[in-house]
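Residue numbers (the working numbering), protein chains in the order written: chain L, 1 to 116; chain P, 1 to 356; chain U, 1 to 524.
A hint or two may mislead.
The calculated lysine-lysine pairs, modelled on DSBU-like cross-linking and capped at a C-alpha distance of 30 Å, are [stated by the list, open to error]: (1) U/472 <-> L/51; (2) U/116 <-> U/472; (3) U/169 <-> L/89; (4) L/81 <-> U/169; (5) L/51 <-> U/464; (6) P/217 <-> L/51; (7) L/45 <-> U/464; (8) U/383 <-> L/68; (9) U/218 <-> L/68; (10) U/464 <-> P/63; (11) L/88 <-> U/167; (12) L/44 <-> U/464; (13) L/62 <-> P/37; (14) L/89 <-> P/311; (15) L/62 <-> U/383.
Quick caveat, the hints were computed from the structure, so don't treat them as lab data.
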Amino acid sequence: MLDMFLQTFDTGNGFWNPIVWIVAFVVIFLIVVIIRGFGNKNYKKGTGQTKAFLSGNQEYEKTQMHVKASNLYWGWTESMKWVIDGLKKMHTGNVSDYVLWFVVVMGILLLCVGLI
Amino acid sequence: MNFMEIAQTGITIIIGAMALAVVGIVVGLLYKGIDRKIAAHMQGRIGPPLRQPFLDVRKLFVKENVIPENAITWVFNLAPITGLVATITILLYLPIGGFPALLDGIIVAKGDLILILYLLMIPSLAMVVGGFASGSPYATIGAQREMATMIAYEFPLAIIIISLSWRLSLVQGTTHVFSLSTITATPLWGIVGPLGFIGLVILLLTLVIVTPAELSKIPFDSPEAETEIAGGLLVEYSGRNLAMFYLTDGVKTLVMGTLIVALFFPYNLSPLLGLESYTAIIIDILFFLAKLFCVILFSVTLIRVSIARLKIDQIVYTYWVPLTLLGLVGLICLMWDQTIMTQFGMQSIANMLGLI
Amino acid sequence: MNFLDQLLSHAPALLVAIPLLGAFLTPLIGRVNDKLRNIFVIGILGFTGILVILLAQQIFASGPITYVFGSLDPYVGKETVIRILFEIDALSIFMAMIAIVLSFSAALYSWAYMEKNTGLDKYYSLLLLLTVGMLGMVLTGDMFNFFVFLEITSIASCALIAFYINKVKSVEAGFKYIVVSTIGALFVLMAIALLYGQYDALNIAKLADSITFSFVDKIALVLLIAALAMKGGIVPMHMWLPDAYSRAPASVSLILIGTTQAGLYGVFRVLFTLYGNVITLPTISMGWALVILGLLTMLVGVIMALIQIDFKRLIAYGAIAELGYMFLGVGTCLTILANPDITLAQAPFAFEALKGGLFHVFNDALDVGLLFMVAGAVYYATKETSLNRLGGLARNMKYTTIFFIIGLLAISGIPPMNGFASKLLIYESTYQLNPILSIIAILSSIMLLAIFIKVFHAAFLGPKLPQFDTVKEVPRSMLLAMGFIAAFIIIFGLFPDLIVNTIVDPAANALIDNAGYMRWLIGG
Numbered sequence: 001m002l003d004m005f006l007q008t009f010d011t012g013n014g015f016w017n018p019i020v021w022i023v024a025f026v027v028i029f030l031i032v033v034i035i036r037g038f039g040n041k042n043y044k045k046g047t048g049q050t051k052a053f054l055s056g057n058q059e060y061e062k063t064q065m066h067v068k069a070s071n072l073y074w075g076w077t078e079s080m081k082w083v084i085d086g087l088k089k090m091h092t093g094n095v096s097d098y099v100l101w102f103v104v105v106m107g108i109l110l111l112c113v114g115l116i
Numbered sequence: 001m002n003f004m005e006i007a008q009t010g011i012t013i014i015i016g017a018m019a020l021a022v023v024g025i026v027v028g029l030l031y032k033g034i035d036r037k038i039a040a041h042m043q044g045r046i047g048p049p050l051r052q053p054f055l056d057v058r059k060l061f062v063k064e065n066v067i068p069e070n071a072i073t074w075v076f077n078l079a080p081i082t083g084l085v086a087t088i089t090i091l092l093y094l095p096i097g098g099f100p101a102l103l104d105g106i107i108v109a110k111g112d113l114i115l116i117l118y119l120l121m122i123p124s125l126a127m128v129v130g131g132f133a134s135g136s137p138y139a140t141i142g143a144q145r146e147m148a149t150m151i152a153y154e155f156p157l158a159i160i161i162i163s164l165s166w167r168l169s170l171v172q173g174t175t176h177v178f179s180l181s182t183i184t185a186t187p188l189w190g191i192v193g194p195l196g197f198i199g200l201v202i203l204l205l206t207l208v209i210v211t212p213a214e215l216s217k218i219p220f221d222s223p224e225a226e227t228e229i230a231g232g233l234l235v236e237y238s239g240r241n242l243a244m245f246y247l248t249d250g251v252k253t254l255v256m257g258t259l260i261v262a263l264f265f266p267y268n269l270s271p272l273l274g275l276e277s278y279t280a281i282i283i284d285i286l287f288f289l290a291k292l293f294c295v296i297l298f299s300v301t302l303i304r305v306s307i308a309r310l311k312i313d314q315i316v317y318t319y320w321v322p323l324t325l326l327g328l329v330g331l332i333c334l335m336w337d338q339t340i341m342t343q344f345g346m347q348s349i350a351n352m353l354g355l356i
Numbered sequence: 001m002n003f004l005d006q007l008l009s010h011a012p013a014l015l016v017a018i019p020l021l022g023a024f025l026t027p028l029i030g031r032v033n034d035k036l037r038n039i040f041v042i043g044i045l046g047f048t049g050i051l052v053i054l055l056a057q058q059i060f061a062s063g064p065i066t067y068v069f070g071s072l073d074p075y076v077g078k079e080t081v082i083r084i085l086f087e088i089d090a091l092s093i094f095m096a097m098i099a100i101v102l103s104f105s106a107a108l109y110s111w112a113y114m115e116k117n118t119g120l121d122k123y124y125s126l127l128l129l130l131t132v133g134m135l136g137m138v139l140t141g142d143m144f145n146f147f148v149f150l151e152i153t154s155i156a157s158c159a160l161i162a163f164y165i166n167k168v169k170s171v172e173a174g175f176k177y178i179v180v181s182t183i184g185a186l187f188v189l190m191a192i193a194l195l196y197g198q199y200d201a202l203n204i205a206k207l208a209d210s211i212t213f214s215f216v217d218k219i220a221l222v223l224l225i226a227a228l229a230m231k232g233g234i235v236p237m238h239m240w241l242p243d244a245y246s247r248a249p250a251s252v253s254l255i256l257i258g259t260t261q262a263g264l265y266g267v268f269r270v271l272f273t274l275y276g277n278v279i280t281l282p283t284i285s286m287g288w289a290l291v292i293l294g295l296l297t298m299l300v301g302v303i304m305a306l307i308q309i310d311f312k313r314l315i316a317y318g319a320i321a322e323l324g325y326m327f328l329g330v331g332t333c334l335t336i337l338a339n340p341d342i343t344l345a346q347a348p349f350a351f352e353a354l355k356g357g358l359f360h361v362f363n364d365a366l367d368v369g370l371l372f373m374v375a376g377a378v379y380y381a382t383k384e385t386s387l388n389r390l391g392g393l394a395r396n397m398k399y400t401t402i403f404f405i406i407g408l409l410a411i412s413g414i415p416p417m418n419g420f421a422s423k424l425l426i427y428e429s430t431y432q433l434n435p436i437l438s439i440i441a442i443l444s445s446i447m448l449l450a451i452f453i454k455v456f457h458a459a460f461l462g463p464k465l466p467q468f469d470t471v472k473e474v475p476r477s478m479l480l481a482m483g484f485i486a487a488f489i490i491i492f493g494l495f496p497d498l499i500v501n502t503i504v505d506p507a508a509n510a511l512i513d514n515a516g517y518m519r520w521l522i523g524g
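The shape of chain L in the complex, shown without the other chains:
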């Protein structure tokens, strides 16, 4: 009975046993927590120490300190701009285009079964 739960997941080309990993993870987690426990735990709460580091500038309002979602991954969007712009153009939000795409796919599938 217990065996069933401990089986290694075999994909024919590789394998993975979650239980073993979890056990190892827990053991190492404990070790790391112990090692970390030797460190200094203290800091001065509520002083300038806990303010966000902004190269000495004054901290802004909280809403401005939060980087917005649309600003993330700039490097990626910048270098992949051509792909993203193309895809955005494809998503018109117009329902007749949706149906057009359906017709296009149908045409391609007709090609696939060798009718056209």
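Use these hints to put chains P and U onto chain L, whose structure you have.
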């Protein structure tokens, strides 16, 4: 499996995990010291002593552990620990010192290359989450850059791993081609023909260029970029939390080095010299450390000393266009090589050179 | 015991009948008391769930069940099969499990989530009707019946998508959905007519037995695949999906995942069973078409998701990307099956790919479902869906954050979550068809991670924002529903081998075992 076996397996895992945690941290820090020393010499400096990383960790343990007021405390504290723990668990699946991986030999095989690929993401992920959780603009910028870098380099990395396994799956009589024990037991260098040899060299080159990004080293360290964003995702970390990240970096260097050694240079000296028992073990470990040294020298130290930091969009471009193409060329070489070998009866390189 | 046996022998009919009856009783009970109505709906779905489990046990043990309505014998006379029958094999029951898990947690979640809305009697009726439609689609063994259930799901889900009738965008999404699904259903009907005209039968097994892959059959195949793939939200016919998912109430988005997957089930059933006898004739290209559509779906899904700033729209694109994995896995198997030179035994990876694809259907339902519920919880607590205006919620909503982390790790396939197990199966089998397939799959999975880490940052991390100071954790019924799905995710992640062997493997076997599906026809 009866109770005794389960208990035995459990104890092996526990003891092995403890041993690997210690070994991983010590060796990782040692190689960090060597790396710094060599880099210093290349820049004409004397450089810190080899034990400097150990001293650094000790220093960080004495320092205050500041938790900024904008941070989400539990995420902020948990991220560094998770990163380190996940990195150490990778060592369980890697063949260290020329021996089969702990969870690969003693107990039945338990994890494969894809698992390692995913586990390698966790430390980076921990850094990203930790950076985001700091609630500081600098850290956020650094964290999102790290994530973008991750997307960038995983593409060529996936190509390398899949190409190697794919080529291996065509070899007669191999099963479980993603398992590292299979990969180390049948090195591809001896199997492929000339074109495949070129392909393998290209893939190795790609992997060497992927490594510094995986370890966030110059020129791919824009997530940390001290000069622009003041340490980026680590900016709010201090004391023991920073020490955890420091250790993660050391262990991760060891992991990446071992992975490259296992994928491309899984040879041992002892069978060649005809050694046995203890001498063989010692020679193998020393040889492994030497291989590791070479790999780290070429993929980390040399690159980081000789090239300047890239901008984040340049990093993404570098990995997604030139390096991906390079990887694909390597893959295509392997594919054509297979066709040539089967259709025209071309012999493998090892055969031509008379090694087999 | 006798009663239980009786119940079990009629379980296939009851699976559809009970929620259907419940759907029309709900408004009546709603007159009496709101709480009673909620309990009634949850009870109905719970009872249906128990029936599904009992039936599943029976099917996994003793093979497919044929349930004929109104008679014991499907035949009228000697040749004609005109009776409606339910043909339930392991795949059908596998899909039914998904449908019932999603509906049950949606009903649980709705308790608190929809509480403050009016028109809830209709809402719950439609919710049960939608469940009926999904269950019917996956259980039926009759093409026309399939069409009827398809229409039931379309109508019910259209009304549910436009539930916030006072919001323009919801109504717009509902309108788009009804246009797209009506056109899709129309083509399905046309294909059924083509088949009926030729073979004088509507029964899937009967049709599969007599199909010859003539010119008209080819057209019918294309019509069916295209229309059902559109219902399943495959790129480039996915555009209705983000509209619908993001504008519907979160609990409805949850069930909509089930309906798209019922569409995918239709695709698989048509290709593997209906055209199963002529599977080597449609040439390899149909399998490759599935694989390429799958790759496109993944890539377009992740790239579009990465640039979204609306919470639910982002998840919807993520869900599209996940659909690609299923097509990839199943398509890989189809290319091998369709290749007359290779048998399945020579290419064991094909079966693994099929298992991976089907396992991923379940995992996707759980992962995306959990994320939609989290998005709903965030909306419930803050009345805000734009990621640009959220932030710092991990302080106020600890449990929701933990559920989000579970969902995030699961959808991006980080071990030890369930997504990893199914993706591992897909990566480690499809590469043998072509290495590029696995490479793109791995890449998409990492992009999914990036996408949801972005959400994690934007909604849950960051400094404490003054406007969300008073935000509280969501009510218990919503947490319970999220916990229910999260428990499934963790169990599936920790014991992948057990799950694959007990439910996925029989389902995959059933899909490729054509003779088993037609047993009643051939063997009498």
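Here's how the hints hold up against the structure:
no. : hint            : in the structure
1   : U/472 <-> L/51  : 26 Å, holds
2   : U/116 <-> U/472 : 17 Å, holds
3   : U/169 <-> L/89  : 20 Å, holds
4   : L/81 <-> U/169  : 28 Å, holds
5   : L/51 <-> U/464  : 13 Å, holds
6   : P/217 <-> L/51  : 28 Å, holds
7   : L/45 <-> U/464  : 17 Å, holds
8   : U/383 <-> L/68  : 18 Å, holds
9   : U/218 <-> L/68  : 51 Å, violated
10  : U/464 <-> P/63  : 27 Å, holds
11  : L/88 <-> U/167  : 24 Å, holds
12  : L/44 <-> U/464  : 20 Å, holds
13  : L/62 <-> P/37   : 43 Å, violated
14  : L/89 <-> P/311  : 28 Å, holds
15  : L/62 <-> U/383  : 20 Å, holds
Violated hints, listed in ascending order, are 9 and 13; each of the other numbered hints is respected by the structure.
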